Amino acid sequence: VISAGKINANRANARASAGPKTAQGRAHSARNARRHGLSLPVLADSGLSEEVEALAGEIAGASATPETLELARRVAEAQIDLRRVRSARHDLVSSALCDRDYESPAAKRKKAKLAVAAAKLGARLELSPHLRPLISQLLSGLKSSVPSSPEGPQKFAIVLSDMTRQLAALDRYERRALSRRKFAIRAFDVARREAASAAD
Amino acid sequence: MERSMSSTDSKPSTTSASLPQRAGRLALFGPPPLLEGEDTAAYDDPLVRISGAVKPADIFEEIWVRDIVDLVWEALRLRRLKANLMTTVAHKGLREILEQLMDWDDAQDLTDAWAARERAAIERVDELLASAGLTMDAVMARTLSLKLNDIERIDRMIATAEGRRNAILRELDRHRTTWGQNLRRTVQGIEEADIKVIEATPAKKKSAA
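Top line first, the protein sequences correspond to chains A and B. Be aware that the first sequence starts at 1, since it is given in this note's numbering, and climbs by one per residue. Be aware that the second sequence starts at 1, since it is given in this note's numbering, and climbs by one per residue.
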């Protein structure tokens, strides 16, 4: 449990902080909590709302009733949401694969550890000149064991492994959007069948 | 897409969608999900073949066809990845086996030469494996154990893609049944409206000679 004194000190320190000053800094900090924005509904984005309307119009057709148009809008919303999720997943994987210097967090940690070990060995080299050949050999062994940037299928497998959590989250969004679209299309089909029966 | 409808009216249009319409739809469906180094023509091939087989009759079917193609493409990509991964890390599995059959240094050198596909190294590896009663299957099994997490992950992703593809095919089936019923009713309506009662005309009397 954090003590009251510590809480007060934290609050006082926070009040003393001026926060980001430049417009760029403020804009950046405004997006601190944003990860992918997929939890926001599609209709919250004006650009996507227009696309939803365009697709809904195409689904419902020119002679649509307000009820049909509303059902078509539900289908369109789910479809555009699905596209948004897939695009986010594609961008995530694609940007990592296109990054020539991509390194997994595990490889970075290993490199950092090796650098520390090499520095320690280097310091020993100064102190114990008689161990020079052995230490030089160890240093060269350490340098050669530093993992190089992966390529090809190994890189792809590492990217998938590193992004397991993000990909699982995107997968959940995709599954929900697919389910919404399926039931929206079914509802649209039922409405269309009933309209056809009524016309008969 | 070969055929399409301007809307989901109960009967399909007989003409193809116009170019601006198609371009608009492609934008709504998003760009093809190609990764760096993937061939657009290779993606277009299943798109053309599946579109040709399904012949999407309305915009829903166009959406599903595109989804099916994307999922087929993803499963193919992951299968290729699995195979390539096993091939590219086979030397690690071999190294682990050779380390048990010879000196550590020699095992490293021989593995490197084998990975570079040097004929002498390949023959030497075959000899060593045969003398230990092993085959390349043992190497691949060791490689699989080294990459089991990756392979399992890829397998799960393939299963997800295939599951989604099958679910879409079921929806397509269900939708076509509904669409077929609508079409049948419309055709019946047209036929009933077209049927005219033909009045029986009295037969001409034969004139007596």
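Among the hints, a few may not be true.
Unchecked claim - Label pairs and their calculated CB-CB ranges:
(1) A:R186 / B:A115: 26 to 36 Å
(2) A:S17 / B:G163: 11 to 21 Å
(3) A:L142 / B:E162: 37 to 47 Å
(4) A:A27 / B:D44: 32 to 42 Å
(5) A:R176 / B:R156: 15 to 25 Å
(6) A:D101 / B:A167: 38 to 48 Å
(7) B:T87 / A:E194: 51 to 61 Å
(8) B:A115 / A:S95: 26 to 36 Å
(9) B:D103 / A:S128: 25 to 35 Å
(10) B:T87 / A:L142: 24 to 34 Å
(11) B:L35 / A:L114: 29 to 39 Å
Read the hints as simulated data drawn from the structure, not as lab findings. Small disclaimer: the values here were computed from a predicted structure and weren't measured. Cβ coordinates follow ideal geometry from the N, Cα and C atoms, glycine included.
message: Of the numbered hints stated earlier in the document, which are not met by this structure?
response: 1, 2
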